[in-house]
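Participant: So you can see what is in the structure, the chains are spelled out below.
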Amino acid sequence: GQQVMQIPQYQHVQEGEDFTTYCNSSTTLSNIQWYKQRPGGHPVFLIQLVKSGEVKKQKRLTFQFGEAKKNSSLHITATQTTDVGTYFCAGWYGQNFVFGPGTRLSVLP
Amino acid sequence: SAVISQKPSRDICQRGTSLTIQCQVDSQVTMMFWYRQQPGQSLTLIATANQGSEATYESGFVIDKFPISRPNLTFSTLTVSNMSPEDSSIYLCSVEVQLAGTIYFGEGSWLTVV
Numbered sequence: 001g002q003q004v005m006q007i008p009q010y011q012h013v014q015e016g017e018d019f020t021t022y023c024n025s026s027t028t029l030s031n032i033q034w035y036k037q038r039p040g041g042h043p044v045f046l047i048q049l050v051k052s053g054e055v056k057k058q059k060r061l062t063f064q065f066g067e068a069k070k071n072s073s074l075h076i077t078a079t080q081t082t083d084v085g086t087y088f089c090a091g092w093y094g095q096n097f098v099f100g101p102g103t104r105l106s107v108l109p
Numbered sequence: 001s002a003v004i005s006q007k008p009s010r011d012i013c014q015r016g017t018s019l020t021i022q023c024q025v026d027s028q029v030t031m032m033f034w035y036r037q038q039p040g041q042s043l044t045l046i047a048t049a050n051q052g053s054e055a056t057y058e059s060g061f062v063i064d065k066f067p068i069s070r071p072n073l074t075f076s077t078l079t080v081s082n083m084s085p086e087d088s089s090i091y092l093c094s095v096e097v098q099l100a101g102t103i104y105f106g107e108g109s110w111l112t113v114v
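The listed protein sequences derive, respectively, from chains A and B. When we follow my numbering, the leftmost residue of the first sequence carries the number 1, and every step to the right adds one. When we follow my numbering, the leftmost residue of the second sequence carries the number 1, and every step to the right adds one.
Treat the hints with caution; some may be incorrect.
Not everything, but these chain B residues come out facing chain A in the computed CB check (under 10 angstroms) [unchecked claim]:
#: 1; residue: Leu45
#: 2; residue: Thr48
#: 3; residue: Ser94
#: 4; residue: Thr102
#: 5; residue: Glu107
Simulated from the structure, these hints should not be mistaken for lab results. C-beta: ideal position from N, C-alpha, C; glycine also.
Chain B on its own, in the form it takes in the complex (with noise of 0.2 angstroms):
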């Protein structure tokens, strides 16, 4: 398994300002991936973070939104711009163990824009 922290664990922001979430895995990982959790929903892919590269950006995701960097194997920073009360979600940072293997969830970031 890894250990995944993530941080802020909690955060109320206002709108239009933007918040820059981070992510510190205790292995390095070749996989990394930002998820969002909307009140009562799913989780939905926002994009996988690439190490020295730009992040792959899933539909309906863009960077100029949610610009992401991963400077090496145990790190990655998301941030939320120009938030607006739709982005008030839980965003979890995960990892990908082994190829095509098992996902770990960082505790999320609960985020709430007012």
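In isolation and in its complexed conformation, chain A is listed as follows (with noise of 0.2 angstroms):
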């Protein structure tokens, strides 16, 4: 069945240094969705990706979809107190929509 994975898990980094988490999809996706749920809050909606080798930015963010539209990664430069939360990745498979496991965030002041 169609599989979403995510590494790492867990991530703790110092406040300034940079973060990213990987997204593995086992099939060729349409697209590919990031989102973030902050502690105690709901997944908001960051970019969607459509082409092959896109690469998106938003201010510190940078998003990228692999050329065989499998996979694709999350760059933060820079992390900020602010960027605490849960990163997801999600795609569509036929009419399912599902998700990743999520990367969890810490940054440390």
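Put the two chains together into one complex; each comes in its own frame, and the hints tell you how they fit.
Facilitator: Right, dumping it as structure tokens:
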């Protein structure tokens, strides 16, 4: 069946350090989406990637979609305490929208 | 985007009782979904709420336990029936804004079953 994996499961960084989370799909995706969930909050849409090899930036966040459209990454430059939360990738498998297990980011001040 | 309102936002429920969660969207949407998020876990799709017909349930979820209604394109309800402590979770309503497009979430309903 469809499977979305993310690594690492947890990441602790010092404020100012960079952070990257990786997402891998068992099958090719038409698009991939990234969400952030703050502690005690709900998932909030960050971005959607559609094209093979696509790279999008949002301030300190850089999102990349692999050439084969089976993997993606989210990179945060110079983390801040406001970046704390769990980052999920998700994709469409037929009519089902499936989430990865998430990467929980802690930022130490 | 879409503005999605869920209620209740939080509740503590007695074992064996049932609770209905409501989801209201500020615009007409084709696809509405219900997810469950157990503590510290990712999101698991319970079912797709279909307007005017029975919901489509994922493996491991059944209508008797999680009856869903979708009377129109802006509203849906999820009932968690005969609750047990294992049902303590966040239940999230979500909508797809455009075909195979972006999914937006409500703020969730945090249920604790005691």
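Participant: Now look at each hint and say whether the structure bears it out.
Facilitator: Consistency of the hints with the structure:
| no. | hint | in the structure |
| --- | --- | --- |
| 1 | Leu45 | holds, 6 angstroms |
| 2 | Thr48 | holds, 7 angstroms |
| 3 | Ser94 | holds, 8 angstroms |
| 4 | Thr102 | holds, 6 angstroms |
| 5 | Glu107 | holds, 5 angstroms |
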